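For what it's worth, the working numbering labels the leading residue of the sequence shown as 708, then goes sequentially.
I should point out that these hints are in silico values taken from the structure, not numbers from a laboratory. Since this is a predicted model, take the numbers as computed values, not measurements. For each residue, glycine too, the CB sits at the ideal point set by N, CA and C. Among the clues, some could well be false.
Said to hold, decoys possible - Simulated restraints, written as ranges between beta carbons of each label pair:
#1 Glu912 - Ser832: 46 to 56 Å
#2 Arg908 - Pro828: 15 to 25 Å
#3 Leu874 - Thr754: 33 to 43 Å
#4 Asp793 - Arg900: 20 to 30 Å
#5 Glu749 - Ala886: 20 to 30 Å
#6 Ala808 - Val904: 48 to 58 Å
#7 Pro759 - His876: 24 to 34 Å
#8 Gly862 - Leu711: 48 to 58 Å
#9 Ala717 - Pro759: 15 to 25 Å
#10 Arg893 - Ser732: 23 to 33 Å
#11 Glu912 - Ala807: 13 to 23 Å
#12 Ala808 - Glu912: 43 to 53 Å
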Amino acid sequence: VIGLLTQLQALAAGQVSDWLYLSGSAGTGKTHLALSLCAAAEQAGRTPAYLPLQAAAGRLRDALEALEGRSLVALDGVESIAGQRDDEVALFDFHNRARAAGITLLYTARQMPDGLALVLPDLHSRLSQCIRIGLPVLDDAARAAVLRDRAQRRGLALDEAAIDWLLTHSERELAGLVALLDRLDRESLAAKRRITVPFLRRVLEDRGS
Numbered sequence: 708v709i710g711l712l713t714q715l716q717a718l719a720a721g722q723v724s725d726w727l728y729l730s731g732s733a734g735t736g737k738t739h740l741a742l743s744l745c746a747a748a749e750q751a752g753r754t755p756a757y758l759p760l761q762a763a764a765g766r767l768r769d770a771l772e773a774l775e776g777r778s779l780v781a782l783d784g785v786e787s788i789a790g791q792r793d794d795e796v797a798l799f800d801f802h803n804r805a806r807a808a809g810i811t812l813l814y815t816a817r818q819m820p821d822g823l824a825l826v827l828p829d830l831h832s833r834l835s836q837c838i839r840i841g842l843p844v845l846d847d848a849a850r851a852a853v854l855r856d857r858a859q860r861r862g863l864a865l866d867e868a869a870i871d872w873l874l875t876h877s878e879r880e881l882a883g884l885v886a887l888l889d890r891l892d893r894e895s896l897a898a899k900r901r902i903t904v905p906f907l908r909r910v911l912e913d914r915g916s
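With the hints as extra help, turn the sequences into a complete structure.
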């Protein structure tokens, strides 16, 4: 994990020319790492962009062309466009343009390139040239760290008791936890209340009713 964080920090700062390809099942923190990379790149004075490929499927060429001026691009969920030839060609072309322009790329996917149902062999070749890292499913300590980081970036006061309660009483999937944190952010602002365990209990009870 420390080695991965070091690589991501170097990637964010533009200190390495190698690109990363992160692979892991749901709940391994791929999206969190992609967003964290973009935040770190922005702090380093770069111009990052995050693109969830599922949202751009079917119109990927236009979405990628809008990112041409960025210095770092995180492309999340390559499996979302696998098997769609037009999107694969668009990604292949962008990959080549990014390399020529010195743009930093990070890919994430649920599978390694060999496991994707790609129809374009050249795209498979390009993805396979990245440094490929498999992510393990996050344990409670890692999930707590993600929640802590997300809360801090939102300016939320989320103490350890609240984090422990969330991990014990809410769903285990990281995406669900992050979505719940978004809701807590909105509801705590609306109610003008700190996020305490009683507040968490009420929000979760309201969600289940």
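List of violated hint numbers, smallest to largest: 2, 4, 8 and 11
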